[in-house]
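Asks: Top line first, the protein sequences correspond to chains B and P.
The first sequence runs 1 to 379 under this note's numbering.
The second sequence runs 1 to 158 under this note's numbering.
No lab work stands behind these hints: they were computed from the structure.
On a predicted model such as this, the values are computed, not experimentally measured, just so you know.
Among the hints, erroneous ones may be present.
What the hints assert, rightly or not - Label pairs and their computed distance ranges (CB to CB): (1) Asp-138(P) <-> Leu-21(B): 42 to 50 Å; (2) Lys-32(P) <-> Gln-190(B): 17 to 25 Å; (3) Phe-138(B) <-> Gln-38(P): 32 to 40 Å; (4) Val-196(B) <-> Lys-84(P): 36 to 44 Å; (5) Leu-21(B) <-> Gly-81(P): 33 to 41 Å; (6) Lys-32(P) <-> Ile-57(B): 24 to 32 Å; (7) Arg-154(P) <-> Met-64(B): 33 to 41 Å; (8) Gly-13(P) <-> Val-196(B): 37 to 45 Å; (9) His-134(P) <-> Ser-67(B): 23 to 31 Å; (10) Ser-220(B) <-> Gly-13(P): 53 to 61 Å; (11) Lys-186(B) <-> Phe-28(P): 23 to 31 Å; (12) His-134(P) <-> Glu-51(B): 36 to 44 Å; (13) Ile-289(B) <-> Asp-61(P): 38 to 46 Å.
All C-beta atoms, glycine included, are put in the ideal place defined by N, C-alpha and C.
Spelled out from the first residue to the last, the chains are:
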Amino acid sequence: MYTQTEVIKDTTTAKGAENELVINMGPQHPATHGVLHLVVTLDGETVKKIEPHLGYIHRSIEKMTESLTYRQFTYVTSRMDYLSAHINNLACAMTVEKAMQIEVPERARVIRVLMNELTRIASHELWIGAMAMDLGAFTPFFYAFREREMITEIMEDSCGARLTMNYMVPGGVMHDIHPDFQKKVKAFVQQFKDKVTEYEDLVTNNVIFQSRTKGVGYLSKEDAISYGCSGPVARASGVSCDIRKIYPYEVYDKVEFDEVLDTAGDSFARYIVRIKEMNQSIRIIEQLIDTIPEGDFQAKTKAVLKPPKGEFYTRVETARGELGVYLVSEGGTTPYRIKYRSPGFSNLSALDHMARGGKIGDLMATMGTLDLVIPDIDR
Amino acid sequence: MFLKEYIKDVYKGVTSLLKGMRKTGYYFFHTKEIITEQYPDNRATLKLAERFRGEVVMLHDENNEHACTGCTACELACPNGTIKVITKFDVTPEGKKKKAVDTFVYHLELCTMCNLCVEACPTGAISMAQNFEHSVYDRSKLTKRLNKPGSKVREGVE
């Protein structure tokens, strides 16, 4: 493990092999989408070693949580993986509900699943745009944001915010859905189905894009398991790991959808898995949107939540993979300890293995398809 | 043989590129389908969602009365210490002492618009407003007093 000063010394004195060059990629590099610092050892253009340095956006969310009450700590998790803020909040709310044994009304459960799937589509939309931009295609970014804008407007109507919603509260959801919610979601589903072919014209069928991603950043099934990868990254390598299927929560056991699997394990497979996942999310939304049950949107809870003494663990599937929330309660008004198992951290750990031996241009494709969100890695 | 492959690759690359260019060219000539908002110019017609969380405000009616009893539930609910309620004791006509709000201090610079204070308020005295243009030249202007000068609590609100 290098310290910061040693790295700089390395570049000037060329310690190690004769032709090796150490480059600090980031923390201000446009392709890292945030403050990720990669120390890349190169031999010519071939990547020899990658060492991620973390801590630039560490906000000690886990420690902060220990001084917040059980109603307050949910909102901070929107700042972890900000692209799946709803799903992070849901994981926290579900942990408290599990500890307190709160029965969530059926209407709230359906709303939660609908919001989750909209979030997942919005996250993947942004990812398509950002990844295509990493590979030199600028136009798909605008096309992807056109559809994403419809989702953020739906969120704005019902939740009151576009990105950090804080809509899931222990016991249900904060507000009832907006009267226009169903109409707008249906309009979005129609628009998505009409326009999804544009991505195929612009990105999927583009020969340049295919030759830059096919066979690049290969990750075998065994490696995906041993590095602890989850989400679309692991599913593209053939690991069945969808929490929605294996351990269904909320109403995921009542809807029909397929777990998208691929066996190629390269960057193109990860791209295809995410595109297919969006279609599966649309399928879930279509099944639920007309049958939102009537009733309360929030269970009656006490003003001050005090879970009993014990340890509780919840896992959910975010847009990036498996998010685990581990809660230790001492019976008081604040948690004794909270640990988040975030998907981005484990997925990043496989980057060195995937990019080693490839060219530095391929590193962009590999990193892009890992779908890294830096605040999720650092917390 | 190599040359043949090379020319084939170039042809395939160019055709797939043109396919994408046709799509972008379509939007170049169909300007009505473009959805970009001209933000600073369309301020007059800009419509935000009614639940949009821009800042916390205290609702006053025409008699300059609000519904805040100074119970500090919002202060306890706030995760960042954004709200500070300074209370005083009013003397009612019957000679009894009654707790009331003196200054409702709101630190906009600390607020994350999480809506927990509005949810916690038992009398519905505060709510979220749609104003989102908060930039000022002096940081001290972001610390606001939400109850208007001379306002008092509405009759019958406990």
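Asks: Which hint numbers doesn't this structure obey?
Replies: Violated hints (numbers, rising): 3, 4, 5, 6, 8 and 10; every other hint is consistent with the structure.
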